[in-house]
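**Q** Each chain, letter by letter, is given below.
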Amino acid sequence: GAVVSQHPSWVICKSGTSVKIECRSLDFQATTMFWYRQFPKQSLMLMATSNEGSKATYEQGVEKDKFLINHASLTLSTLTVTSAHPEDSSFYICSAPGLAHTGELFFGEGSRLTVL
Amino acid sequence: AQKVTQAQTEISVVEKEDVTLDCVYETRDTTYYLFWYKQPPSGELVFLIRRNSFDEQNEISGRYSWNFQKSTSSFNFTITASQVVDSAVYFCALSKGSSASKIIFGSGTRLSIRP
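Sequence lines, in order, name chains A and B. For the first sequence, position 18 (counting from the first letter as 1) is numbered 18 according to the numbering used here, and the numbering increases by one without interruption. Going from the second sequence to the numbering used here is simple: count from 1 and add 1000.
Take the hints with a grain of salt, since some may be wrong.
Claimed, not checked - Ranges between beta-carbon positions, derived for each pair:
no.	chain 1	residue 1	chain 2	residue 2	range
1	B	Val1014	A	Pro86	37 to 43 Å
2	B	Gln1069	A	His7	38 to 44 Å
3	B	Glu1017	A	Gln60	38 to 44 Å
4	B	Arg1110	A	Trp10	19 to 25 Å
5	B	Thr1031	A	Leu74	46 to 52 Å
6	A	Lys41	B	Thr1080	22 to 28 Å
7	B	Ala1001	A	Gly16	34 to 40 Å
Treat the hints as calculated values from the structure; they're not laboratory data. All residues carry an ideal CB built from backbone N, CA and C; glycine is no exception.
Please model the entire structure based on the sequences and the hints provided.
**A** Next comes the structure, spelled out in structure tokens:
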């Protein structure tokens, strides 16, 4: 079964509204999670590193005020797309590392956002 | 800066043919990790392999094999006796910085296996 779960799987919203996407680690704790964005037929672009109890670290070119990341607990990171516009429509995927000695990296199922 | 190049945008072969997906990477890190992921039409990422920079041994897993060559900064992936179910987008990825979990992806290769 999935060890990293995202919710919602898909969401449609009107332009100007804010949308929150959750990334939850199941049965393990993740002090760090990563958020990616994937446009249709393109690659996954790393957006930011979510750090539990501290500010997220954003990749160059990613607007931190546009994409709010909160990592309030050891099992949950949230990405909020604020004032969404059609160009924000994309597939958002999170990942979380498992136990350090295993080197495993778990990806969520992804959340497809469509902004009308 | 780290970079992953997958020069093959799309590949189409007939079932049972062998196919190799190329991956070339750039990094200044002495320790790094390389990955291959499969993304079927449903969108979820399927982990295939992780290799660290100190392990240059080639690996075989069933019909899949990987050829890691540090001298050419390549980490190619071969599927032998391809099957229709292998049709997907395949991504090569590289760790960024000191974290093995923070990875960047290549542009992907869309593989179509025709019956």
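**Q** For each hint, tell me whether it holds in the structure or not.
**A** Structure-based check of each hint:
{"no.": "1", "hint": "Val1014(B) x Pro86(A): 37 to 43 Å", "in the structure": "holds, 40 Å"}
{"no.": "2", "hint": "Gln1069(B) x His7(A): 38 to 44 Å", "in the structure": "holds, 41 Å"}
{"no.": "3", "hint": "Glu1017(B) x Gln60(A): 38 to 44 Å", "in the structure": "holds, 41 Å"}
{"no.": "4", "hint": "Arg1110(B) x Trp10(A): 19 to 25 Å", "in the structure": "holds, 22 Å"}
{"no.": "5", "hint": "Thr1031(B) x Leu74(A): 46 to 52 Å", "in the structure": "violated, 27 Å"}
{"no.": "6", "hint": "Lys41(A) x Thr1080(B): 22 to 28 Å", "in the structure": "holds, 27 Å"}
{"no.": "7", "hint": "Ala1001(B) x Gly16(A): 34 to 40 Å", "in the structure": "holds, 35 Å"}
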